[in-house]
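Visitor: Listed here are the chains, written in short residue letters.
Number of protein chains: 2
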Amino acid sequence: MPSPSSEVHSIDVSLGDRSYKIEIGTESIDTFSDSILASLGDLTHALVIADAAVENPWAMTIASSIAKQKTPSGDDIRVNLIAVPSGETSKSIGQLDTLWQWMLESSADRRSVVIAIGGGVIGDLAGFAAATFTRGIRFIQVPTTLLAMVDSSVGGKTGINLPTAKNMVGAFWQPSLVLIDTSVLSTLPDRSYISGLGEVVKYGVIDDAPFFEWLEANAGKLLDRDDNAVRYAIAESCRSKANVVGEDERETSGRRAILNYGHTFAHAIEATAGYGQVLHGEAVAIGMQMAAHLAIELELCDAELLKRQTALLKACGLPTTYAAADPDAMLPVMKRDKKVSHGNLRFVLPERIGSVTLLGDIKEPNVTKAILACC
Amino acid sequence: MPSPSSEVHSIDVSLGDRSYKIEIGTESIDTFSDSILASLGDLTHALVIADAAVENPWAMTIASSIAKQKTPSGDDIRVNLIAVPSGETSKSIGQLDTLWQWMLESSADRRSVVIAIGGGVIGDLAGFAAATFTRGIRFIQVPTTLLAMVDSSVGGKTGINLPTAKNMVGAFWQPSLVLIDTSVLSTLPDRSYISGLGEVVKYGVIDDAPFFEWLEANAGKLLDRDDNAVRYAIAESCRSKANVVGEDERETSGRRAILNYGHTFAHAIEATAGYGQVLHGEAVAIGMQMAAHLAIELELCDAELLKRQTALLKACGLPTTYAAADPDAMLPVMKRDKKVSHGNLRFVLPERIGSVTLLGDIKEPNVTKAILACC
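Top line first, the protein sequences correspond to chains A and B. For the record, in the first sequence the residue sitting at position 19 is 19 according to the working numbering, with numbers rising by one throughout. For the record, in the second sequence the residue sitting at position 161 is 161 according to the working numbering, with numbers rising by one throughout.
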């Protein structure tokens, strides 16, 4: 019987015939192959695509445990494994081409299953390769960073970058299963782990006031990487994201846009700082601060919201200001954002903790003022 | 009032929220921009992707007539046009990358619409670019070859080739509208036009005995490119394809597989002959003959079916035998076909005119015998 510390959270993402489960455990990686076979009973061929940084031991552990399994008819399950260099530059046409060729050489067919093991880069890249090989094969997400666990592994956004534009090409392609083992976070550097908390705090602000309060009470435990707290925070984050994605899978109704709270600012920060200088979750934390200032300016919310958000971000070890913020550099990037509709500046803005709204036709001076408030 | 010779056939492809219309006319190209605005009332930006061979005059005619239209709010509609070199080699990663970059440089966003003007190569390539740019934008098919009019422009299969494998990557991505003007066929060489009739005959065999009889009575008119006959043949072909695609959009139930009648043999003929040596519709004609021989061998149909099919193909000017057919070269290719399930040789085989069935576990000696029967 599992001890309380190894309790597995299971979240359903409800998307009709594209529904799937997210399973969140601790030291559960040894049982991943059981979960995979239970979900995909007809597995005959696994294509494991791993970030080079987690190839050994995580990807090898999963690959070898799948290879020991049998198909229902008693045949061996074929497993191929490829490591992809770490880092954003792997989300490229060249790497995608490499994966397509490798899949072909591995005699993959429409029944083969891609297993993506790594952070957001690997999930996006391998997911897009799965979405397009023979016009789409199934794939499983095994996120190994906190950011990927709470955000990119859920929701079906896959894709690569063009040289001058992030995530410009891709597909909506839902995974068949998301498997999370929090113990893989043990090798994640503090800065990267804390960056992931930026997205966690976001869910509290946009959708879930009780979770925000829980975070206020438990930020210390999260910083200490307490297993129970980490699993709970991941589960609540995934639940929030699953709900939003279930209501607006392809970002057509506007509902899914709330997930971009802080992100229009964040993308501009990341782009003007040079990608990788500010981590994504750090940029999101600063972006949420800018969005809260903008909301106060537009009289959408009171200063108390900003005060609580600032305190929680600080308690999580996240930045709340960005001294190098430059409105003149950031605004042109924001106007090119692919979520911008024909140059109309739109922002997700908080009304109160647990509720945000999407507002268009925001004037540039207001945006500039919000940016400067966080310098 | 339109004369009888300019009657427009309109076919509905029923796919829930992905439903669309196919409009088939003669000398209707001047009104395409009206049809586009009627279907996509919110058009603000058109990305015209044309085969270099039809850039002038067809693509330019369409592009300039769109550019003269206004958005509902009275703004100009932006139009960008790019020509892609003719031929199968354009269905490459390199060309796809070129289109993605061009779309980005054209300031395309999620409301932009791709208009693909050309044969199957352009439709597949431009459709895949549309399916993936910002994770999917709308697109319109304007097929300019008979083959594309009756087959590839309908059904939502898009994609490119890998260096050693045709159509290995892509997406199911339905067009928003298919616009066909039979008068563009006037510049199509006889051999290419006749090749398209191969797919037309296929629809009669797989799904529509009355249409097969109509073809038997009207093959001469089709060879003479009689406008009324050509429009009717295209409309009936599109109707058949639309019905099958409506029942099995993503090739999951097996129903859509009937469209591949003759195609497993055809792909092997094309691959072993060197792509382009035998045109696709010619290979399909020969492949249907091989499939009919195989069906007779397996006692699925009688010799009368083969006799009628042979006579109709000949009346259309299509080949019914292939002297260079080499089972030893073709079989390995057929076993690699991505529709083959783990090496199990499956074929769509005729039972009677208007009805086919998908049969698996076909033995190699039977396949060899069917190939040799057509040498």
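Calculated from the structure, these hints are not laboratory results. Since the structure is predicted, the reported quantities are computational estimates derived from the model, not experimental observations. Cβ coordinates follow ideal geometry from the N, Cα and C atoms, glycine included. It cannot be assumed that every hint is accurate.
Facing chain A, from chain B, some residues (calculated, C-beta under 8 Å) [unchecked claim]:
(1) Met168
(2) Ala229
(3) Gly317
Estimated spans, in silico, between C-beta atoms of each pair [said to hold, decoys possible]:
(4) A:Gly94 / B:Arg18: 28 to 34 Å
(5) A:Ser86 / B:Thr368: 46 to 52 Å
(6) B:Leu372 / A:Glu247: 41 to 47 Å
(7) A:Arg255 / B:Thr368: 53 to 59 Å
(8) A:Arg191 / B:Thr98: 37 to 43 Å
(9) A:Ser64 / B:Ser355: 47 to 53 Å
Visitor: With reference to the structure, classify each hint as holding or not holding.
Guide: Each hint tested on the structure:
Look at Met168 (chain B): its Cβ gets to within about 6 Å of chain A, closer than 8 Å, so that hint holds up. Because the smallest distance between the Cβ of Ala229 (chain B) and any Cβ of chain A comes to about 34 Å, over 8 Å, the interface hint for this residue is violated. The interface hint given for Gly317 (chain B) is violated, since its Cβ lies 33 Å from the closest Cβ of chain A, which is over the 8 Å cut-off. The beta-carbon spacing between Gly94 (chain A) and Arg18 (chain B), approximately 32 Å, falls within the hinted interval of 28 to 34 Å.
At roughly 50 Å, the beta-carbon separation of Ser86 (chain A) and Thr368 (chain B) lies within the given 46 to 52 Å, and the hint holds. For Leu372 (chain B) and Glu247 (chain A), the hinted distance range of 41 to 47 Å is not satisfied, since their beta carbons lie about 59 Å from each other. Range check, Arg255 (chain A) to Thr368 (chain B): about 58 Å between beta-carbon atoms, so the 53 to 59 Å window is met. Here the CB-CB span from Arg191 (chain A) to Thr98 (chain B) is close to 38 Å, well matched to the stated 37 to 43 Å.
The hinted range of 47 to 53 Å is satisfied by Ser64 (chain A) and Ser355 (chain B), whose Cβ atoms lie roughly 49 Å apart.
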